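J.: Listed below, chain by chain, are the residues.
Protein chains: 2
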Amino acid sequence: MAFKAQVLYDFTAEPGNNELTVKEGETITVTNQNIGGGWIEAQNSRGEVGLVPEDYIEFGQTAAPPANVGNPAAPDLSFFDAFAPASTSAPTQASNGNDPWSVWNADPSRGSNNNWPANPEGTQTGRNAADPWGSASHSHPQAYQGPGAEDDEWDDEWDDMKSTSSYSEPGEGGAIQRGGTHASSMKISLNNRFPGFTKSGPELYLLCKQSAKGKEKISIYLGEVGPVWSYPEAQLDCIVADPKKGSKMYGLKSYIEYQITPNTTNRPVNHRYKHFDWLYERLLDKFGSAIPIPSLPDKQVTGRFEEEFIKMRMERLQGWMTRMCRHPVISNSEVFQLFLSYKDEKDWKMGKRKAEKDETVGVMVFTTIEAEAPDLDLVEVEQKCEQFSRFTKAMDDGVKEILTVGNEHWKRCTGPLPKEYQRIGKAFQNLSSVFTSSGYQGEATLTDAMTAAGKTYEEIAQIVAEQPKKDLHFLMETNNEYKGLLGCFPDTIGVHKAAIDKVKEADKLVNTNKITAQDKVTMAKRASTMSYALQAEMNHFHSNRIYDYNRVMQQYLEEQVKFYETIAAKLRHAHSQFTTM
Amino acid sequence: MAFKAQVLYDFTAEPGNNELTVKEGETITVTNQNIGGGWIEAQNSRGEVGLVPEDYIEFGQTAAPPANVGNPAAPDLSFFDAFAPASTSAPTQASNGNDPWSVWNADPSRGSNNNWPANPEGTQTGRNAADPWGSASHSHPQAYQGPGAEDDEWDDEWDDMKSTSSYSEPGEGGAIQRGGTHASSMKISLNNRFPGFTKSGPELYLLCKQSAKGKEKISIYLGEVGPVWSYPEAQLDCIVADPKKGSKMYGLKSYIEYQITPNTTNRPVNHRYKHFDWLYERLLDKFGSAIPIPSLPDKQVTGRFEEEFIKMRMERLQGWMTRMCRHPVISNSEVFQLFLSYKDEKDWKMGKRKAEKDETVGVMVFTTIEAEAPDLDLVEVEQKCEQFSRFTKAMDDGVKEILTVGNEHWKRCTGPLPKEYQRIGKAFQNLSSVFTSSGYQGEATLTDAMTAAGKTYEEIAQIVAEQPKKDLHFLMETNNEYKGLLGCFPDTIGVHKAAIDKVKEADKLVNTNKITAQDKVTMAKRASTMSYALQAEMNHFHSNRIYDYNRVMQQYLEEQVKFYETIAAKLRHAHSQFTTM
Numbered sequence: 001m002a003f004k005a006q007v008l009y010d011f012t013a014e015p016g017n018n019e020l021t022v023k024e025g026e027t028i029t030v031t032n033q034n035i036g037g038g039w040i041e042a043q044n045s046r047g048e049v050g051l052v053p054e055d056y057i058e059f060g061q062t063a064a065p066p067a068n069v070g071n072p073a074a075p076d077l078s079f080f081d082a083f084a085p086a087s088t089s090a091p092t093q094a095s096n097g098n099d100p101w102s103v104w105n106a107d108p109s110r111g112s113n114n115n116w117p118a119n120p121e122g123t124q125t126g127r128n129a130a131d132p133w134g135s136a137s138h139s140h141p142q143a144y145q146g147p148g149a150e151d152d153e154w155d156d157e158w159d160d161m162k163s164t165s166s167y168s169e170p171g172e173g174g175a176i177q178r179g180g181t182h183a184s185s186m187k188i189s190l191n192n193r194f195p196g197f198t199k200s201g202p203e204l205y206l207l208c209k210q211s212a213k214g215k216e217k218i219s220i221y222l223g224e225v226g227p228v229w230s231y232p233e234a235q236l237d238c239i240v241a242d243p244k245k246g247s248k249m250y251g252l253k254s255y256i257e258y259q260i261t262p263n264t265t266n267r268p269v270n271h272r273y274k275h276f277d278w279l280y281e282r283l284l285d286k287f288g289s290a291i292p293i294p295s296l297p298d299k300q301v302t303g304r305f306e307e308e309f310i311k312m313r314m315e316r317l318q319g320w321m322t323r324m325c326r327h328p329v330i331s332n333s334e335v336f337q338l339f340l341s342y343k344d345e346k347d348w349k350m351g352k353r354k355a356e357k358d359e360t361v362g363v364m365v366f367t368t369i370e371a372e373a374p375d376l377d378l379v380e381v382e383q384k385c386e387q388f389s390r391f392t393k394a395m396d397d398g399v400k401e402i403l404t405v406g407n408e409h410w411k412r413c414t415g416p417l418p419k420e421y422q423r424i425g426k427a428f429q430n431l432s433s434v435f436t437s438s439g440y441q442g443e444a445t446l447t448d449a450m451t452a453a454g455k456t457y458e459e460i461a462q463i464v465a466e467q468p469k470k471d472l473h474f475l476m477e478t479n480n481e482y483k484g485l486l487g488c489f490p491d492t493i494g495v496h497k498a499a500i501d502k503v504k505e506a507d508k509l510v511n512t513n514k515i516t517a518q519d520k521v522t523m524a525k526r527a528s529t530m531s532y533a534l535q536a537e538m539n540h541f542h543s544n545r546i547y548d549y550n551r552v553m554q555q556y557l558e559e560q561v562k563f564y565e566t567i568a569a570k571l572r573h574a575h576s577q578f579t580t581m
Numbered sequence: 001m002a003f004k005a006q007v008l009y010d011f012t013a014e015p016g017n018n019e020l021t022v023k024e025g026e027t028i029t030v031t032n033q034n035i036g037g038g039w040i041e042a043q044n045s046r047g048e049v050g051l052v053p054e055d056y057i058e059f060g061q062t063a064a065p066p067a068n069v070g071n072p073a074a075p076d077l078s079f080f081d082a083f084a085p086a087s088t089s090a091p092t093q094a095s096n097g098n099d100p101w102s103v104w105n106a107d108p109s110r111g112s113n114n115n116w117p118a119n120p121e122g123t124q125t126g127r128n129a130a131d132p133w134g135s136a137s138h139s140h141p142q143a144y145q146g147p148g149a150e151d152d153e154w155d156d157e158w159d160d161m162k163s164t165s166s167y168s169e170p171g172e173g174g175a176i177q178r179g180g181t182h183a184s185s186m187k188i189s190l191n192n193r194f195p196g197f198t199k200s201g202p203e204l205y206l207l208c209k210q211s212a213k214g215k216e217k218i219s220i221y222l223g224e225v226g227p228v229w230s231y232p233e234a235q236l237d238c239i240v241a242d243p244k245k246g247s248k249m250y251g252l253k254s255y256i257e258y259q260i261t262p263n264t265t266n267r268p269v270n271h272r273y274k275h276f277d278w279l280y281e282r283l284l285d286k287f288g289s290a291i292p293i294p295s296l297p298d299k300q301v302t303g304r305f306e307e308e309f310i311k312m313r314m315e316r317l318q319g320w321m322t323r324m325c326r327h328p329v330i331s332n333s334e335v336f337q338l339f340l341s342y343k344d345e346k347d348w349k350m351g352k353r354k355a356e357k358d359e360t361v362g363v364m365v366f367t368t369i370e371a372e373a374p375d376l377d378l379v380e381v382e383q384k385c386e387q388f389s390r391f392t393k394a395m396d397d398g399v400k401e402i403l404t405v406g407n408e409h410w411k412r413c414t415g416p417l418p419k420e421y422q423r424i425g426k427a428f429q430n431l432s433s434v435f436t437s438s439g440y441q442g443e444a445t446l447t448d449a450m451t452a453a454g455k456t457y458e459e460i461a462q463i464v465a466e467q468p469k470k471d472l473h474f475l476m477e478t479n480n481e482y483k484g485l486l487g488c489f490p491d492t493i494g495v496h497k498a499a500i501d502k503v504k505e506a507d508k509l510v511n512t513n514k515i516t517a518q519d520k521v522t523m524a525k526r527a528s529t530m531s532y533a534l535q536a537e538m539n540h541f542h543s544n545r546i547y548d549y550n551r552v553m554q555q556y557l558e559e560q561v562k563f564y565e566t567i568a569a570k571l572r573h574a575h576s577q578f579t580t581m
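Sequence lines, in order, name chains A and B.
Numbered according to the UniProt record's numbering, the first sequence spans residues 1 to 581.
Numbered according to the UniProt record's numbering, the second sequence spans residues 1 to 581.
There could be a bad hint or two in this list.
Taking lysine-lysine pairs in the DSBU-like style, the calculated list, with each CA pair at most 30 Å apart, reads [as the list claims (entries may be wrong)]:
| hint | chain 1 | residue 1 | chain 2 | residue 2 |
| --- | --- | --- | --- | --- |
| 1 | B | Lys-570 | B | Lys-419 |
| 2 | A | Lys-426 | B | Lys-470 |
| 3 | B | Lys-400 | A | Lys-419 |
| 4 | B | Lys-570 | A | Lys-400 |
| 5 | A | Lys-419 | B | Lys-426 |
| 6 | A | Lys-455 | B | Lys-562 |
| 7 | A | Lys-400 | B | Lys-419 |
| 8 | A | Lys-384 | A | Lys-504 |
| 9 | A | Lys-426 | A | Lys-470 |
| 10 | A | Lys-470 | A | Lys-209 |
Hints were generated in silico from the structure; no laboratory data involved.
Everything numeric in this text was worked out from a predicted model, so none of it was measured.
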């Protein structure tokens, strides 16, 4: 079935990769949605056919599956619409707007801050655009449930060859925003396995009757700093290494396989980028309402050299995995453990199917959370929520400032500055060689020393140009990671905020007999549990943040000291070659 | 008497100084030539009257004093015209062309390299433009022979308030080229005290009958490096210091008086800028054909602050005086000794008058030079000349390259670079203050350390911005001085080259009975003397150059080492404030 689709961003085809160049605003016909790996096949108005990234297009209205298939068996929760349409849809709006922080912002015009295309209708722009209400099990039908016996077969990883190592803000270079601020924010399954539920929202959890299965309990304790997750005794860790190129379909498609070795089993497992992506989707579905799941290192922007790209992706996958390992809830989860330590192919496939069928996803994850602490009243819940929102927004600004300044500094250090040192070096050397031609006796000491000084400045040029890779790189990577992580908070906080709004309406609902007085008590109790979860997560975030920034600042300064000392030593040596007078 | 004059360069009047703004190409009427101090009074086409720098205008043909007042008593040397018009006029052309180095260059189009206005007719553009053949005693009639008993009265030094501290190439900012490449090159009195000589040139010396007075002998010896001047046992030196502001004409005009203390008498004398200028004129007239006399620090470009300007001018006057003191011929001359150690006002005035009446100027200075060495043959003389020409041209290029690169580096170090460090510092501090607002316990160590690191980068910004004054400044000043000095060589070498051409014509002149065989022998001998003088001067130049560049490179590198070490130490301290993990 062919759909019309609208191109959202410019995309330039890479030669020889069967891709199709498209322009923003162009209408194309989707000829094959079953390509997988984030790609679709499309035909443009000139009849050319090729692959286009799924994320770059928006399906037309006719192409979208019907959104409102009412299920008469489902309970009628439509009354929520009448009271709080804004709050229930808040996370979705935040996802689609330009500024993920606009969830707390009354001014809708703020949404255009980040150069994201305005999307006032709230149309989904994510990769599941054609299926905005799709449940988790249907979100990647082609990628993971392709035809044939081998469910892993019909996918490709050409996109493995694409990435970026720059920290540009969107709109500066490419059309696509990087990192976690984008993809994750629209993937939280606010909806669930209740077929026919047309509205999503925390009410699913606040009023649900079922209790979680015992084995899945996530505990929260009151620690010194407040509510904290239950941390394991030994911290999980893993090493991502040894990227190997593989190919399939008679060499037509190639992919990179990484070796991941957890410190628990010390036995390496192999995973391709798409497996990481699968894991990310599972974690987002399952924990995204309570825990910000940062996006994987993005794969949309074209890289420079294959080797550099693979190294950069591996480094970022390592960073992502390390962060996941450090999280007590995620690292302890069945799906994460499966990823790190599956025994064999059969084990992996069975685990995958089980994970994809997991029903405790979206807001329902809160049913598994138990706080060993007295219930909080709503005022406190709300205060905490506001505080976290302010803090994460402020930190997001601070992190972005560092990224902007760092990016400029990077450019200067690798561009004009070393060129200038090189020119200084050349100027000294040139003058020295003029002096050598003087025919005057006994100035060899001077000319040798001047030539050496000139060469020293050429060396300094090299050192300056290479320095950012040694210090700024790590500072940028860490801040970039935090930018991604912070970009997930608005959604997580949005779910929380929506729940608070629901609880606030409880009296009214009781009065109009929409819910019972007991329901109201349950709602408050569950909002309290949600707040404990948010606080535990914030405390986890703070503790990691302090660790990370302490480390990155130290490393940066250490390398900067080395940098200045190296140059000073080189210049001291150059100086010593002149005769003292 | 009112003359019409053409404006050569844009000049913007300073408010309140009775100056007149004029534009390049404008025709003005000179209403008073008797202002002195390098200024004339002029009226523009709108009837406005005001002062304009003499150097900025070119007098019309009608205004120039008659150039050809034949003196029947003078020997007829006009035959030289027929044989070598190009070579005799070469130094003059070089002076007026854009590139002082074009004397050796066959391509006339090169002349436009330096953005000097093209002047194909060879019209004089110097400050003595109205009197191109004027003798030394008439070159500044108003400045030094004004009306009234006090011959020092009617001058002003408003221009003392103008200077530049930039190293821009001409055409970059102002209309006037700076330093020695300009004024000096056209001031060599090729003509002399032989009234009626319409052509100038080395023939005056090559064929003159008179011998120099005994007391004025300048000796050249054969040293280790070749011909050298006779150096004094103790090197003369002086300190220029203590600038004091004075005023006259009831405070209408102000000037700065500097205190100059020579190491010989250790007794300070006072001089104003115009006295330095007078000395410069005397030295140029007397020695310019044999010794490059660098221009004084220029006074045409508007400065920024009075204090900064005075400091800069004093520093440059010191540099100029030091160079003059170091020169064995100049430092030993009567006029220079007078300047440094006149006993009283009467002594100074008598000395001045005597110096202004000195007849051994221009090429006649060679009559006082005696080389204690066998005569050189013309081939060797010519080879040396070519070699010096190549070297000084090449060094001029090298020096200008350093000035260009240094100027750019200066701009970066005082502009964008410190701003960037400041922004890095601010970004760290901002993130630190966000962290402080987290409400999470126990992160004071981190936030204090981050704030300190941020402040350190602000300090680094300051250090970076101030560094050029500590190292680049001296490097630039020295190279700027050399640029000025090297700009004088084309004229000095031009005189030499013209003499060689004359000697080459000797056979022809003998054959046509224009000169005797004995004249030819005399010419060759004198060309040899000129070559010894040039070689002695080049050896003096080389020895000074080696000393100066050794010193300046050492100082530059020393300060650079300090710079990098200071920053490293600051960063090491910032690093130590983080907790080790």
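J.: I'd like to know which numbered hints this structure contradicts. Please list them from smallest to largest.
T.: Failing hint: just 10.
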